[in-house]
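Visitor: Could you build all of it, start to finish, from the sequences and the hints given here?
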Amino acid sequence: MSKLNTEFFQGKNVLVTGHTGFKGAWMCHMLKQFGANVTGYALEPMKPYSLFDIAKVKEGMNSVIGEIQDYQKLLSVFQEKKPEIVFHLAAQPIVRESYREPRYTYETNVMGTVNVLECIRNTPEVRSFVNITTDKVYLNNEWEWGYREIDPLDGYDVYSNSKSCSELVTACYNRAFFKAREISISTVRAGNVIGGGDFAKDRIIPDCVRAALDKQDIVIRNLHATRPYQHVLEPLYVYLLVAQKQYENPTLAGAYNVGPEDCDCVENQKLVTLFVKQWGQGLKWIDRSDNGPHEANFLKLDSSKLKYSFGWHPHCTIADAVEMVIEWTKEWDAKNDVRNCMNRQIKRFF
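FYI, the working numbering numbers position 311 of the sequence shown as 311, with every residue one higher than the one before it.
Read the hints as simulated data drawn from the structure, not as lab findings. Backbone N, C-alpha and C fix where the C-beta goes; we use that ideal spot for every residue, glycine too. Check the hints yourself; a few may be wrong.
To be verified - Have a look at the derived ranges for each label pair, beta carbon to beta carbon: (1) 308 <-> 200: 30 to 38 Å; (2) 104 <-> 177: 24 to 32 Å; (3) 254 <-> 215: 44 to 52 Å; (4) 144 <-> 335: 39 to 47 Å.
Guide: Shown next, in the form of structure tokens:
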């Protein structure tokens, strides 16, 4: 089995776009533990709550606040910090928000990717680049088997389509500019992630957390939608693994899916029922469709390529993932230092 060597990141210059977001904050926290010199580039952390602020992720790293659409500012960060490894997480990630703000979504998710790739093109020190996208990039036929990396890209809604475009832009730059350079480029398509510290709107687990803390019933908008839910540490582990392995062996660069086993690709009803059971305290959920914009009903990934290439397998079940969300949330609600909880969860995961 090809395992992540955390010592690989010791002393390396790593740049993370979107570092103030949920996944970005977890990633930077991990990279700092592994001894990397971490620089982040992103918008201000979300208010009133953000994992980046709560876990004091800014400490021990270089945090630059800026828009991914601001090419000159982003380029100045690349030129100053000269990263060897780049993770691109900056995005407008919410499906419903993409219907409200389609132009902004494309500007962020497509031109943001172009700007990152242009910066890499003008930064010879970069050796490994991982563009983080989503399971929703695929042309969704609502079929029962998982999508593979060779299946067509054509996300239905604005968010999903913009991430499909980000994939195509990355592939084009790789062919046009990077084949002759000593640089490895991959895209990683992750399923739906859950974890402690996600406060985003219009996401099912953050909605559960808010309802539980407010002692209200959880409202489910789409009871039978099936998603490849997984704990945030699952894809983060893979992002780091791909970055390391393609740095050492460029033939491993490519597109990869990372999702849970089939048994953990569950309906929203099952996910929320797990949350209610593990939270306790008389918490309940209610079904209340709000006739919102189109979202895929059934979606899962085939992660066979990742398993074959790296010997990878999921570390957590969906029940484990929900338990870890609740553990983090109750630590935060008790006003404890959530960094200790994060460190425990990372240690258990590894």
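Visitor: Does the Cβ distance between residue 144 and residue 335 fall inside 39 to 47 Å?
Guide: Once the Cβ atoms are compared, 45 Å apart, the range 39 to 47 Å for residue 335 and residue 144 holds.
Visitor: Can you tell me whether the CB distance of residue 104 to residue 177 sits inside 24 to 32 Å?
Guide: The hinted range 24 to 32 Å holds for residue 104 and residue 177, with Cβ atoms some 27 Å apart.
Visitor: Measuring from beta carbon to beta carbon, are residue 254 and residue 215 in 44 to 52 Å?
Guide: With a Cβ separation near 47 Å, residue 254 and residue 215 satisfy 44 to 52 Å, so the hint holds.
Visitor: For the range 30 to 38 Å, tell me whether the beta carbons of residue 308 and residue 200 fit it or not.
Guide: Given range 30 to 38 Å: holds, Cβ gap about 33 Å.
Violated hints are absent here; each numbered hint is respected by the structure.
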